[in-house]
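Residue numbers (this note's numbering), protein chains in the order written: chain A, 1 to 280; chain B, 1 to 106.
Rather than coming from a laboratory, the hints here were simulated on the basis of the structure.
It should be emphasised that the depicted structure is a prediction, and the values quoted were computed from it without experimental measurement.
Treat each hint with caution, since some may be false.
To be verified - Heads up, simulated DSS-like pairs for lysine-lysine below, C-alpha to C-alpha not over 30 Å straight-line: (1) B:Lys57 <-> A:Lys143; (2) B:Lys68 <-> B:Lys43; (3) B:Lys96 <-> B:Lys73; (4) B:Lys36 <-> A:Lys239; (5) A:Lys143 <-> A:Lys87; (6) A:Lys251 <-> B:Lys63; (7) B:Lys73 <-> B:Lys57; (8) A:Lys28 <-> A:Lys143; (9) B:Lys68 <-> A:Lys28; (10) A:Lys143 <-> A:Lys243; (11) A:Lys243 <-> B:Lys3; (12) B:Lys64 <-> A:Lys251; (13) A:Lys251 <-> B:Lys68; (14) A:Lys227 <-> B:Lys36; (15) B:Lys61 <-> A:Lys251; (16) A:Lys28 <-> B:Lys73.
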Amino acid sequence: MCHHYRLSILLLLFSLLLVNPLLYAGPKEDLVRYQGYFQKRFSNLSLDDLSNGLYNFDEGRREQWEAIMEFPPYEIAIEEGEELFNKPFGNGKRYADCFDNGGVAIAHTYPRFNAKTGKVQNISAVINECRVANGEKPLRYLKGEIVKLLTYMADTSRGKKIDIQVPDDPRALAAYEDGKRVYFTRRGVRDFACYHCHWEAAGQKIRGNVLSTAVGQVTHFPSYRSKWGAVGPIQRRYKGCMKNVGAVPLKAQSDAMNNLEYFHTHMSNGISMNAPGTRF
Amino acid sequence: MNKIIFCILFFFLLLVSTPGLSTPALSSSEANAVLKQAMSLHKQAIANEGGWRITGKFMKKAKKLLDKGDRRKALDVAIRAREFAELSIMQADMEKKSWSEPPYLK
Chain A
1 MCHHYRLSIL LLLFSLLLVN PLLYAGPKED LVRYQGYFQK RFSNLSLDDL
51 SNGLYNFDEG RREQWEAIME FPPYEIAIEE GEELFNKPFG NGKRYADCFD
101 NGGVAIAHTY PRFNAKTGKV QNISAVINEC RVANGEKPLR YLKGEIVKLL
151 TYMADTSRGK KIDIQVPDDP RALAAYEDGK RVYFTRRGVR DFACYHCHWE
201 AAGQKIRGNV LSTAVGQVTH FPSYRSKWGA VGPIQRRYKG CMKNVGAVPL
251 KAQSDAMNNL EYFHTHMSNG ISMNAPGTRF
Chain B
1 MNKIIFCILF FFLLLVSTPG LSTPALSSSE ANAVLKQAMS LHKQAIANEG
51 GWRITGKFMK KAKKLLDKGD RRKALDVAIR AREFAELSIM QADMEKKSWS
101 EPPYLK
């Protein structure tokens, strides 16, 4: 009798595991939970509104931002980026030859999982891969020429909805899960994880800064930041955040950093790109 | 007689209150050894994605003090740096094992 009882419990548990997808939270379920959290908490804001970050919560700064956006400081970077993008390499090929759709209106689909390498790649990595394949030296990440290229490419995706795919490949899922780990890991002497500021404290102040919501953050990157006096990519911003909590920042383009970008960008799936953007 | 006792006491107090004389001299190798330990642990923490910036700051400070010849202070600061490095490793190890989403997301 007891034996049958145990067996039936085991069978029940096993069948629940098979039929109930909610028992395993994958990227799709995560997206519903993450976006749902902010939709519930800030019910007066649409998902697209979340891409306006701190300007949803500070009227004065929003006014200043709207004034800045009349003559956006990133416009020169777009122009220079377009020029660089169309300039042929020494062998006559161009960046457009390395990207699908000639590199136009694709930024909202990056970072992507590369099945050949089994790793996540953002646009910066593909730009440098393209340069090396065409006999050019790779560019340094985070500043300079590469950011201008990113700025132009992001501008061609303006208005498109973020669309990060986690393909049916265990390596892709592992990369996504690793990004989640990096995101929710406490670091630095202040013992903060990303979520401490951008989930529970979103919309509140930390010193003089108003904190934006985690969902919608990536949509305006690369962004011109007054603090930088230049346009910069999201990984530069991650490094700044890590420094703020007293951590030695992870290396740009490391697996951990790329996986973090993959996970964090996926969180904003379905939200319109408004990059390049400007922030204080 | 009293004057003699007073003088002996005075010199004894002077001796005790002068750090260089009352405590055995520190060699730079002691501070250097602690600093090396701190550096090695800090490297380990960074490799584990868990380095703290304050560790680096304290290591730099200890090195500066050593260069200046202030061995005692250098040793104190190097010890703090080593403590920070140890704590950062502990944090990284703990987080690797037990990081989680906040309860309100579950």
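Hint-by-hint comparison with the structure:
{"no.": "1", "hint": "B:Lys57 <-> A:Lys143", "in the structure": "25 Å, holds"}
{"no.": "2", "hint": "B:Lys68 <-> B:Lys43", "in the structure": "25 Å, holds"}
{"no.": "3", "hint": "B:Lys96 <-> B:Lys73", "in the structure": "35 Å, violated"}
{"no.": "4", "hint": "B:Lys36 <-> A:Lys239", "in the structure": "27 Å, holds"}
{"no.": "5", "hint": "A:Lys143 <-> A:Lys87", "in the structure": "19 Å, holds"}
{"no.": "6", "hint": "A:Lys251 <-> B:Lys63", "in the structure": "25 Å, holds"}
{"no.": "7", "hint": "B:Lys73 <-> B:Lys57", "in the structure": "15 Å, holds"}
{"no.": "8", "hint": "A:Lys28 <-> A:Lys143", "in the structure": "33 Å, violated"}
{"no.": "9", "hint": "B:Lys68 <-> A:Lys28", "in the structure": "59 Å, violated"}
{"no.": "10", "hint": "A:Lys143 <-> A:Lys243", "in the structure": "18 Å, holds"}
{"no.": "11", "hint": "A:Lys243 <-> B:Lys3", "in the structure": "63 Å, violated"}
{"no.": "12", "hint": "B:Lys64 <-> A:Lys251", "in the structure": "27 Å, holds"}
{"no.": "13", "hint": "A:Lys251 <-> B:Lys68", "in the structure": "33 Å, violated"}
{"no.": "14", "hint": "A:Lys227 <-> B:Lys36", "in the structure": "36 Å, violated"}
{"no.": "15", "hint": "B:Lys61 <-> A:Lys251", "in the structure": "24 Å, holds"}
{"no.": "16", "hint": "A:Lys28 <-> B:Lys73", "in the structure": "55 Å, violated"}
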